[in-house]
Amino acid sequence: MQTIQRGRFSSWYLMGDEAVAKNIAEACRGDLARLLELCRALCERTEHQNAIYRLARTLEGKATQARRWLLEPRGPQRQVGYEAARALLAQAQQILHTEAEEEGLQNLEFAESCKRLRTQTDQLYTMLDKPLVSDSQRTREQELSYEAVQTLDVMWHNMQHGLVRQVADYFTDLIGPIKNLQEATSTLPVDETAYQQAADTFLEHSRRVKRTASLAANNLVDPWRGSALQALASNLESVGSQVSMAGRAVMSARQNGASAQLQNAASDHFDLIKKHWADCAERTRNLVDEAIDAKAFIKAQERGILRDTDQIEDSVDQHCPTSVVNGTTSIALRANRVLQVAMRETENSEDPVYVDRVNEAVQRLRSTITPMVADAKNMVLSMDDPNARERWRASSKNLVDAVASVEKVVSPTFLHPTPVAPTFRHKNNNRNHVNNKTSPAAVVTDVPVMEMRQLYIQGGASSSQSDDNSRPLSPETDAEDEFNYPLPEENQPILAAAHALHQEARLWSSRDNELIAATKRIAALMAKLSQIVRGEYGNKKDLINVSMAIAEASKDVTSCARALGKECTDRRMKTSLFQLSERIQMIGNQLKILSTVKATMLGSEGADFGTACLDPSKPCCCGLVLKKAFEYLIVVF
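Residue numbering for the sequence shown follows UniProt numbering, starting at 1 and increasing by one per position.
Worth flagging that the hints you see were computed from the coordinates, not collected in a lab.
The structure presented is a predicted model; accordingly, all values stated were derived computationally and were not measured.
Positions of the beta carbon are idealized from the N, C-alpha and C atoms, including for glycine.
Among the clues, some could well be false.
What the hints assert, rightly or not - Below are the EDC-like pairs computed for lysine to aspartate or glutamate, each with C-alpha atoms no more than 16 angstroms apart in a straight line:
no.: 1; residue 1: 179; residue 2: 271
no.: 2; residue 1: 179; residue 2: 200
no.: 3; residue 1: 275; residue 2: 313
no.: 4; residue 1: 179; residue 2: 204
no.: 5; residue 1: 274; residue 2: 183
no.: 6; residue 1: 377; residue 2: 282
no.: 7; residue 1: 574; residue 2: 347
no.: 8; residue 1: 397; residue 2: 313
no.: 9; residue 1: 179; residue 2: 279
no.: 10; residue 1: 130; residue 2: 141
no.: 11; residue 1: 555; residue 2: 582
no.: 12; residue 1: 408; residue 2: 375
no.: 13; residue 1: 566; residue 2: 350
no.: 14; residue 1: 566; residue 2: 351
no.: 15; residue 1: 574; residue 2: 222
no.: 16; residue 1: 574; residue 2: 282
no.: 17; residue 1: 566; residue 2: 582
no.: 18; residue 1: 377; residue 2: 390
no.: 19; residue 1: 397; residue 2: 375
no.: 20; residue 1: 408; residue 2: 360
no.: 21; residue 1: 274; residue 2: 310
no.: 22; residue 1: 397; residue 2: 310
no.: 23; residue 1: 574; residue 2: 310
no.: 24; residue 1: 179; residue 2: 282
To be verified - Here are the simulated distance ranges between beta carbons:
no.: 25; residue 1: 286; residue 2: 325; range: 55 to 61 angstroms
no.: 26; residue 1: 352; residue 2: 204; range: 42 to 48 angstroms
no.: 27; residue 1: 275; residue 2: 196; range: 38 to 44 angstroms
no.: 28; residue 1: 367; residue 2: 183; range: 44 to 50 angstroms
Throw the hints in and build the complete structure from the sequences for me.
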């Protein structure tokens, strides 16, 4: 009897374990399926051949991704667009935080646009999690996305304006704070309070320079130079701490009456670290100057000179000679920075007419600095003399006019074409610019290329269809515009690159333009390559033929780019163009070789061909790199 009961209990116990095990297995199955889905999505976004779904590195790239998502909220770039908007907001907050630390107030328009964009994007992203079930929901999404686009335009304009202003302010006098620190270490008797103030000022200056340089690094198109600027910016802050400690060691050695040998060793170490920081700061400034527009920078320096002039006027009224001297020094340093940037533009240009115009404006500005400084000294010696003050005002006005003439002749440098049309020209340029409201409609571009780019972005993914209303060109139709390929999915990187390249090329007509015609042919060939690689049609012979056709078209693009590069007067642009053309031809040859090898490795023509081509391969990577190279090449011209 006990044996029977024990058997029934064991059977019931086993049945209970089986039910629990089934429940656990079902839960594990669901968790594993979800984990697999997340891993697959992560791999699609992080793999090299799916770079279009990765977060962009530059500020302009993040703004473009955010804008494309807002113009097509339920499109394939929803997630990366939302992340780009969040990253852009974080960097905008850094600019706002730095401005608040320096001036004690914020750009109200900038701060309000950041707040609105954060709210609008969060609301839109939350709405997109729900299925689209009604027209009212669609209308609400469209209204919210349109408002977010307008807010993004305002925020982007203020970001560029704020970044240029910070570069103009923080990189004008790099050596002044460290000179004050050195003077504090050499004063006798030793003043601990004065040294601490000088050290705090220097370290704060290093932190601001580091933050501004890090933001400017995100504005550089060249990733190698951007990485170098990031490394230099990080090194500035760490070396700055070493400079502060080395100066304290010098001061402590003198205060404690150390031997002459020990004092000399501490001084030599301090000079060595100080020289290292100064060299690092100078190299950082050279790279930062490449990341911003020269014309906008000169305009920001002009505003800074006007602010310093107003401060000098107030200081004279208050009979404060120290502030007058500091303001005059700041004006002279700003004028020298304008000269430095203008001379860099002349060294970069091969256009003799442009160089002569800039040199003439530079000579005019150089001749106004010394008289302004001399009149300021005379005004300090006799502040109650109205004639001395009038002479200083006249020389200061001549200097401001000379800076404006340099800004007028210097051409804007489009190192980073923006997805919107920001400008740094305001009707009211004064020191109360924080309170001036600038509407998006008041933002005007100087070149029509930006407007065409904006029209292309507004077309969204649906503009890949043959829609005449979405095309920002003339009614004429090119033969190469026949691009009848389906829209790409997230797992079709080559087709997505082909569509993006085709849309970029559609902004220009290919009539009498061999570069655009060859680019459009390559876009169509890349779309066909995507279909062959995915096994939708064709065989290994078609794979080889299409790859060879892409390589031949790449040679045509390279020859056109080199011919145009010989006529380019901008040396940096010419060098980048030649390097890019060589890279295009090299990648085209690699694509041809890899496709031939892959086709040879495949089996017989048939069903196995499509299955084998579905695996990730080097032709996919080459296709995406070619797409990025062609897009950059088109934007250059």
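A quick look at each hint next to the structure:
1. 179 <-> 271: The given pair, whose Cα atoms are some 11 angstroms apart, holds under the 16 angstroms limit.
2. 179 <-> 200: The given pair, whose Cα atoms are some 13 angstroms apart, holds under the 16 angstroms limit.
3. 275 <-> 313: violated (36 angstroms)
4. 179 <-> 204: holds (15 angstroms)
5. 274 <-> 183: Within the cut-off at roughly 13 angstroms; holds.
6. 377 <-> 282: Outside the cut-off at roughly 29 angstroms; violated.
7. 574 <-> 347: holds (13 angstroms)
8. 397 <-> 313: holds (13 angstroms)
9. 179 <-> 279: Judged against 16 angstroms, a Cα distance of about 14 angstroms means the pair holds.
10. 130 <-> 141: The hint holds at about 11 angstroms.
11. 555 <-> 582: Holds, at roughly 9 angstroms.
12. 408 <-> 375: violated (26 angstroms)
13. 566 <-> 350: holds (11 angstroms)
14. 566 <-> 351: Holds: residue 566 and residue 351 sit about 12 angstroms apart, inside 16 angstroms.
15. 574 <-> 222: holds (14 angstroms)
16. 574 <-> 282: violated (25 angstroms)
17. 566 <-> 582: Cα-Cα ~14 angstroms, so holds.
18. 377 <-> 390: holds (13 angstroms)
19. 397 <-> 375: holds (12 angstroms)
20. 408 <-> 360: holds (12 angstroms)
21. 274 <-> 310: violated (34 angstroms)
22. 397 <-> 310: holds (12 angstroms)
23. 574 <-> 310: violated (43 angstroms)
24. 179 <-> 282: holds (15 angstroms)
25. 286 <-> 325: 55 to 61 angstroms: violated (29 angstroms)
26. 352 <-> 204: 42 to 48 angstroms: holds (45 angstroms)
27. 275 <-> 196: 38 to 44 angstroms: violated (23 angstroms)
28. 367 <-> 183: 44 to 50 angstroms: violated (32 angstroms)
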